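> So the protein lines, in turn, are chains A and B.
For the first sequence, my numbering assigns the number 120 to the initial residue and increments by one for each residue that follows.
For the second sequence, my numbering assigns the number 21 to the initial residue and increments by one for each residue that follows.
Please note that the accuracy of each hint is not assured.
[Stated by the list, open to error] Pairs of lysine to aspartate or glutamate residues, derived as EDC-like cross-links and limited to a Cα-Cα distance of at most 20 Å, are as follows:
1) Lys160/A - Glu315/A
2) Lys404/B - Glu376/B
3) Lys219/A - Glu337/B
4) Lys272/B - Glu321/B
5) Lys303/A - Asp405/B
6) Lys404/B - Glu337/B
7) Lys272/B - Glu337/B
8) Lys160/A - Asp210/A
9) Lys272/B - Asp311/A
10) Lys212/A - Glu300/A
11) Lys272/B - Glu395/A
12) Lys160/A - Glu434/A
13) Lys272/B - Glu357/A
14) Lys303/A - Glu315/A
15) Lys404/B - Asp283/B
16) Lys303/A - Glu190/A
17) Lys219/A - Glu315/A
18) Lys160/A - Glu223/A
19) Lys25/B - Glu71/B
20) Lys303/A - Glu376/B
21) Lys469/A - Glu352/A
22) Lys219/A - Glu376/B
23) Lys272/B - Glu300/A
24) Lys469/A - Glu205/A
25) Lys219/A - Asp349/B
26) Lys303/A - Glu71/B
Don't read these hints as lab results, they were simulated from the structure.
All figures in this text were calculated on a predicted structure; none of them were measured in a lab.
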Amino acid sequence: MARTGTRMAEHTDDSYYTGIPSRRDQGERKPLPLVDPDAMKDPSGYLAPPGLVAAVNVALELGMPLLLTGEPGCGKSRLADSLAWELGFGDGKPLRFVVKSDTESRDLFYRFDTVGRFHAAQHEADRPDARRFVTYNALGKAILYAKGRRRIRAQGLAIMTEDQLAQIPLEGQRTVVLIDEIDKAPREIPNDILTEIEDLSFTVPELLHETPICLEDHEQGNRPVVVITSNSERELPEPFLRRCIYYHVELPPFRQDLKGDERNDGEVVTIERIVEGRLGARFSANSPVLTDALALFRYLRMPERNLQRRPGLAELLNWLTFLASRRGEDGIRLAEHRDFRASVGTTLLKHRDDQLRAGDFIKAWQDATP
Amino acid sequence: MRAEKLEVFFERLPALDAVLRAAGMTRGPDSWQAVHDLMLRLAERGRLPAEPVSLAAYLGPILCRSPEEQALFAPLFCEWVTGEPLASEVRITTPEQARAARWRQRLRALDRRWLSIAALVSVSLIGLAIYVSRPPSPVPAPVSEIPKPPPAPPEPPVENTKIAIDTRVAPRRLPIPLPPEQAARLHAIAWSLPAVPPLLATLLLVWIYRRRAVLRREPPEGESLLNRLAFRAPQGSLFGRAASGDVLPGMKAARWLPTRRLDIPATVECSARHGGYFEPRYRSRCTLPEYIVLVRSEHTEDQAAALAEELVRWLDEGGVMVQSFRFRDDPRHLIPWIKAPGRHATLSQLAARHPEARLIVVGDVDVAFHPLTGRPHRWIDDFKDWSRRAWLTPGELERGFAHWFLERGFLLLTLASADLDHLSRWLASPEKRRTAPATNRVPPLPQAFADMPERWLDPHAPYGEDLDAVFDGLRDYLGPEGLRLLQAMAVYPEPRWALTQALDFLLFPEADWETRTRRLRSISRLPWPRHAYLPDYLRAFLLRRMSRAERRDVRNAYAALLAGLTDDRGARTIELPIAVAPERTFRRLLADLLRARSAPGDLDDPIFLNILRGGRLGLLDFELTKVAARLLPRGRIWVTARPLLAAALVAAGAGWAFHEGWTRWGAPELTAHWERVARDENARWTVKLTLGGDASDFAGDFETMLTEEGYTVRVGEDRADRASGNTLLYPPGGAEAAGRLARALRHWTYGAPLESKEDGRRGTGDIDVRLEATWAPGAAFYDTFTGYPTLRDPFKDGDGVGRWSSYRAAPSRWAASKAIPPATQTSIPRRRSRSSPSLSDATRSASRTTTAS
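Given only the sequences and the hints, what does the whole structure look like? Please build it.
Here it is in structure tokens:
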């Protein structure tokens with residue numbers, strides 16, 4: 120795309136930012152559309168391909184962690200939401216733990232605020248309760264959920280304050296634990312994490328509680344389901360892979376790429392079905408914008424485009440959400456949408472080289488589209 | 021799938037393991053245990069899928085560990101479930117199972133067409149055997165040779181009855197047996213003729229099997245598919261043998277990294293020392309070092325890059341955490357190569373993901389400089405994100421470059437096992453201003469290749485270059501052994517690293533590892549291995565310069581390599597693409613003739629396996645021993661089965677045709693020829709026939725038969741003074757004719773004694789014959805039963821009844837001509853009966869004769 124210099128933005132809707140200082144005082148503004156972050160995470164709209172369903176069931180049968188890889192935005196993490204919601208584990212929500220570059224295996228269970236404890240010891244008159252400074256993380260919570268409040272009390276596990284304990288369900292409950300982006304951790308961490316997952320046992324030495332907190336035999340039925348995701352940025356060690364159920368989540372096919380029989384099969388998961396499930400209500404039936412947007416997305420994902428970074432499903436949904444949010448655009452083609460070009464460059468193409476070629480891509484797509 | 025089938029499923033799991041291993045997916049016992057557990061649980065819950073193929077979705081997540089494996093698993097599993105040829109059942113553990121699996125695989129490999137041909141041949145042979153061994157067709161009883169008893173007189177009263185006994189026996193009318201020497205000759209021919217085709221076929225087979233198979237270069241064809249054949253790699257880890265034992269431990273040594281976590285005991289202690297003021301102390305984390313290796317590559321099959329990746333593989337197998345990337349000219353754009361090829365990365369991404377890694381760049385130093393301006397590229401500063409970095413060059417190490425790189429944080433070393441120790445120490449604790457080791461063990465690349473390597477990649481020799489001088493330069497650079505390795509590489513159209521390495525090990529098995537590494541490094545720097553292309557002119561030139569002994573060594577090396585053909589595919593095997601020559605049907609031959617041949621020197625230059633049609637050996641063709649060729653695709657069929665089947669078919673057919681031809685035409689014609697010759701000889705003799713006794717009644721018969729044998733017959737008067745018995749007097753010099761006549765007379769008179777003697781009084785051309793007896797006591801008159809040896813069947817012993825009866829039974833011209841005229845027959849008392857005479861009849865006849873006498 121030839122660079123033609125900077126131009127003023129062309130937005131005329133008063134509710135949006137225009138970048139024009141003179142418009143600062145032009146009367147009352149319309150409210151901005153509300154953004155519901157949970158709407159896109161609604162597990163009821165998640166469609167899992169058959170292979171992924173089989174992999175989940177294998178993990179459930181064998182009680183092994185499920186490792187999901189795939190390009191960013193393909194729905195790896197959303198699977199945990201869907202799994203917890205459908206099976207009703209943990210009140211329908213997974214316990215999430217996001218791995219960081221300095222994560223240690225103990226972080227899976229709890230985090231202790233050493234500085235806070237130190238500060239409290241210096242400034243509070245009474246000896247502070249050390250349990251206040253313990254924050255239980257996903258796997259620690261999963262063990263405690265599996266036990267239930269009643270059994271924690273019965274076992275005399277004085278590791279939580281009453282406030283913390285009140286958040287634990289009365290009876291033991293099974294949960295879904297999502298360990299997200301494990302490839303961010305140093306190489307040796309995955310193996311450590313897996314050992315902790317298999318043992319499901321931890322101690323909190325900061326509380327001077329040396330008795331391991333673990334699942335008893337009769338509590339094994341509440342063993343948490345562990346879902347681990349990776350963006351494959353870093354190679355995972357072989358022993359870790361060996362102890363996981365593995366599934367690589369591919370982006371679902373487009374309907375027009377299916378064979379004849381499959382195209383008419385309503386059960387086959389396609390991009391179109393996912394979009395309809397997520398955003399169907401926001402677009403009118405046979406919306407030209409939606410059709411064109413899907414066609415452009417498919418065009419951009421073709422290997423021939425040689426994009427530095429191919430847009431994912433999450434980016435498509437974000438883009439479509441944006442397009443749908445613009446009022447007064449019903450019945451027009453995508454090319455006529457006033458935010459079309461700008462939105463492609465900001466939501467779908469996120470590499471500088473790709474953004475520079477965005478105009479060429481759009482022109483080529485328009486030429487190729489009848 | 022029913023639960024009862026689980027046992028079968030579990031029994032076949034080793035075969036699935038073999039299939040996956042062949043595809044490079046080696047799984048441990050825990051994975052298979054998980055498969056067992058899952059299947060049992062599914063069966064317990066009644067959730068086994070209806071179709072076994074659907075199990076792929078359940079087993080894939082247990083047995084796959086990467087997207088590539090996941091994509092590969094489903095077809096492999098389907099192949100295993102549907103019972104299609106399993107790739108490598110031969111690797112079942114016990115030798116007996118392995119042998120059985122090999123045989124099963126061979127049987128499966130047999131083409132249906134050949135099976136049908138084999139069945140056809142078998143049926144033909146069985147039919148032939150049945151035809152040979154069938155019982156003889158009933159021969160109509162010769163009517164004339166059976167002596168007829170006298171007409172039965174009316175039954176007289178028992179007492180005082182005189183029985184008239186007729187003892188006259190008509191002469192035998194069967195053809196006269198051939199003389200023993202002629203019969204032996206016929207016998208020999210009858211035996212030897214059917215043996216000729218098998219003998220010729222055997223000789224043809226020997227010739228075929230002694231011929232060497234030819235790996236022939238043929239022009240590429242669009243429809244030809246390359247077979248990727250896997251061979252057991254003869255070599256081990258290149259750097260593993262050569263490097264010092266301290267290298268791996270040094271590179272794996274753990275190190276401490278600072279973290280943002282508080283070291284609580286240290287913090288408490290430190291805070292206490294500072295009067296209670298908070299003094300945080302942070303922990304360090306012990307971690308294993310991680311290595312990033314960036315390899316410069318001119319081509320996907322660049323052998324210089326492949327040599328560097330040998331180092332990467334060795335480190336990886338040694339437990340070092342290493343990731344390898346390739347770049348062309350700009351290391352800012354990288355492609356993961358060994359483990360997860362395809363997804364490219366940038367240098368900045370790599371720096372963000374692996375900030376603590378140790379960096380090794382492998383490539384010629386000139387890549388850091390602009391080829392025209394000579395200025396260093398700016399990207400050299402982008403490596404500053406890594407504090408520990410080194411540069412390995414496959415070329416010569418110049419001190420100026422070493423200092424230049426050292427100023428930019430790189431320790432410059434050669435890609436040699438001896439320098440790995442320096443590399444390990446440097447990356448563990450880089451010391452500023454440390455000078456590079458003064459090692460320059462790599463000879464400089466010949467100027468002709470260093471200046472403009474692209475010139476040598478054209479299909480034609482560079483203009484103005486003296487190839488002989490280039491050859492000498494190559495010898496100086498590579499040494500004699502390196503040059504031979506290059507010549508061996510020229511046999512295969514496309515340089516491949518795995519093949520280069522294997523040939524080096526096969527040609528020089530005794531070489532030390534340092535020398536081997538040096539030789540491979542030198543050869544990999546040449547433009548052709550770097551670009552994976554050897555122009556044909558160069559291949560031809562290199563092959564022409566091989567002596568006979570060198571050619572033999574190279575051929576043996578290839579034969580040894582091809583003998584290691586295996587179904588396994590993995591780290592310990594090498595794969596070569598070889599195309600099987602398409603079948604030359606008539607239509608294809610015609611199409612080849614009509615179609616313009618592709619221009620020689622096309623890049624797509626597969627080797628076609630062209631066994632059994634070798635013809636003249638081209639320079640770029642390569643001979644293989646037959647043993648090696650048998651291991652190649654279609655080798656078993658083309659080399660052994662097809663010639664064998666064809667030869668057996670042709671031999672059986674030709675043998676049968678020869679035998680039938682001889683039986684139906686050859687032998688009768690030869691016999692008739694001999695008879696004509698004998699008759700011509702007989703025509704020169706006059707037989708004076710005198711008949712007496714019983715023979716006097718058959719004067720006409722004997723005269724006719726002698727006349728038909730070509731003799732001139734004069735019937736004389738019987739004189740009482742003549743000696744009794746059958747006599748034959750012949751003149752001097754007539755022994756041969758007399759012998760022939762005596763054999764005929766003995767035949768006609770059922771072996772009655774005949775005295776044959778020379779009589780000097782006989783005139784020349786006269787033979788005097790006197791006959792009194794037409795039969796001999798004890799003679800067998802029933803020739804049909806006694807198997808009178810008219811001509812014995814060579815395939816039957818004893819009874820003389822066999823296939824030769826086919827022309828004996830059919831009255832030949834010769835036999836028919838001997839039929840006695842009806843008029844004569846009426847005068848001969850005989851018993852005409854088509855039914856076989858019974859023993860009681862003979863006994864009765866004998867008893868009557870006894871009574872009369």
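> Run every hint past the structure and note whether it holds.
Consistency of the hints with the structure:
| no. | hint | result |
| --- | --- | --- |
| 1 | Lys160/A - Glu315/A | violated, 29 Å |
| 2 | Lys404/B - Glu376/B | holds, 12 Å |
| 3 | Lys219/A - Glu337/B | violated, 28 Å |
| 4 | Lys272/B - Glu321/B | violated, 29 Å |
| 5 | Lys303/A - Asp405/B | holds, 18 Å |
| 6 | Lys404/B - Glu337/B | violated, 28 Å |
| 7 | Lys272/B - Glu337/B | holds, 12 Å |
| 8 | Lys160/A - Asp210/A | holds, 15 Å |
| 9 | Lys272/B - Asp311/A | holds, 19 Å |
| 10 | Lys212/A - Glu300/A | holds, 18 Å |
| 11 | Lys272/B - Glu395/A | violated, 52 Å |
| 12 | Lys160/A - Glu434/A | holds, 14 Å |
| 13 | Lys272/B - Glu357/A | holds, 17 Å |
| 14 | Lys303/A - Glu315/A | holds, 18 Å |
| 15 | Lys404/B - Asp283/B | violated, 30 Å |
| 16 | Lys303/A - Glu190/A | holds, 14 Å |
| 17 | Lys219/A - Glu315/A | holds, 17 Å |
| 18 | Lys160/A - Glu223/A | violated, 28 Å |
| 19 | Lys25/B - Glu71/B | holds, 12 Å |
| 20 | Lys303/A - Glu376/B | holds, 13 Å |
| 21 | Lys469/A - Glu352/A | holds, 17 Å |
| 22 | Lys219/A - Glu376/B | holds, 15 Å |
| 23 | Lys272/B - Glu300/A | violated, 26 Å |
| 24 | Lys469/A - Glu205/A | violated, 34 Å |
| 25 | Lys219/A - Asp349/B | violated, 34 Å |
| 26 | Lys303/A - Glu71/B | violated, 40 Å |
In summary, the structure is inconsistent with hints 1, 3, 4, 6, 11, 15, 18, 23, 24, 25 and 26 from the numbered list given earlier, while agreeing with the others.
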